[in-house]
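Order-wise, the sequence lines are chains U and E.
Residues in the first sequence are numbered from 404 upward in steps of one, following our numbering.
Residues in the second sequence are numbered from 404 upward in steps of one, following our numbering.
FYI, nobody ran anything at the bench for these hints, they're computed from the structure.
Keep in mind that a hint or two might mislead.
You can't tell identical chains apart in this list, so a pair holds if it fits in one copy or across any two.
As the list claims (entries may be wrong) - Computed list of lysine-lysine pairs in DSBU-like fashion (alpha-carbon distance at most 30 angstroms, straight line):
hint, residue 1, residue 2
1, 452, 586
2, 447, 550
3, 495, 447
4, 563, 550
5, 563, 586
6, 495, 599
7, 495, 563
8, 452, 550
9, 447, 592
10, 447, 563
11, 447, 586
All values derive from a computational prediction rather than experimental measurement.
Protein chains: 2
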Amino acid sequence: MAPWGKRLAGVRGVLLDISGVLYDSGAGGGTAIAGSVEAVARLKRSRLKVRFCTNESQKSRAELVGQLRRLGFDISEGEVTAPAPAACQILKERGLRPYLLIHDGVRSEFDQIDTSNPNCVVIADAGESFSYQNMNNAFQVLMELEKPVLISLGKGRYYKETSGLMLDVGPYMKALEYACGIKAEVVGKPSPEFFKSALQAIGVEAHQLLSV
Amino acid sequence: MAPWGKRLAGVRGVLLDISGVLYDSGAGGGTAIAGSVEAVARLKRSRLKVRFCTNESQKSRAELVGQLRRLGFDISEGEVTAPAPAACQILKERGLRPYLLIHDGVRSEFDQIDTSNPNCVVIADAGESFSYQNMNNAFQVLMELEKPVLISLGKGRYYKETSGLMLDVGPYMKALEYACGIKAEVVGKPSPEFFKSALQAIGVEAHQLLSV
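Isolated chain U (complex conformation) (with noise of 0.2 angstroms):
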């Protein structure tokens, strides 16, 4: 492998996952791990791009950069990618409209979505909400389309809490997947389209890119 000075010649851009890298998130807004807090701030202040890329579907972008911002991070709400304005988009530009199986806290990121008489499912890490009722409604809807679509916001195992390991959204995926015997379509990482998008905003090709 080429020597780190090399392999870093070519780099433009900088992607920077957010939960697990710049904080680790638990109850009271999480706590940032050591040095990234100055770092973000270094690489800012260099001739690099930097973008930041989440999964997180808990909350919406303006509530997680309020909670990073009050931990010293300097980033802005426009600065981050992440799956419910992504998955917002492809809702517009297929005239969707979501039963929504997702976190209250994110709710706001579909505010301009009309969800009446729904046409698909979005699920996204919904914690306490992925009731039996709930999951039940997105079941029942999906069955009565002629061509189910289920959108998944990541499709993630679990996560770490400082209070223990927790169910992400992806067994839930698994189970109205294998309910209705469908393939859902992941909006987040690992799904291409979402890297590209976060590429696009900076303006950065692929073999230009640092992902942490």
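Here the structure of chain U is known, so what remains is to put chain E in place on it, guided by the hints.
Frame of chain U, contents of chain E only:
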């Protein structure tokens, strides 16, 4: 294909499903399917051995049989092969202490089972008990085991109630499989061992059986 008379010539036993064959479940104990009460009575008067084989995992056999008797069926607990008692036998044989992710209606079947300090998870059609909290508890138990054991009472995708389609245990089994990267052991149909135990109970070989 041979004519019915010839095909039935070697038949010595009949395996009858319950839900959807004898009755349709629903509010107020469900309703008998037309002709099924008399069909069971006639089979029992014939030279054929009769066994009831169900994947019902929301009710104990006692409750299920009580319900069917009230609908007019000639049936007793000892004639029913069901996944909960089959699972109990496996738990005892292998020294397994389950975390039970099950419906309260079937809990009495596990009265004799040690559930302290769980070293496996048993999942059944838990209905409203499939809360995020309960699913996460089951997940955490599995993730703390060196060799996670997940036993699923059936793997049905959904079933029909008078109020509409309802998610069965299968989707939740898939969710835990994906979350933990494991494969569940299915107790109940279509597991061959389960059919075998039903056949053994009436002393009939597979080629002598008619299954409805």
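Original post:
Of the numbered hints stated previously, which ones are contradicted by the structure, given in increasing order?
Top reply: 1, 2, 3, 7, 8 and 11
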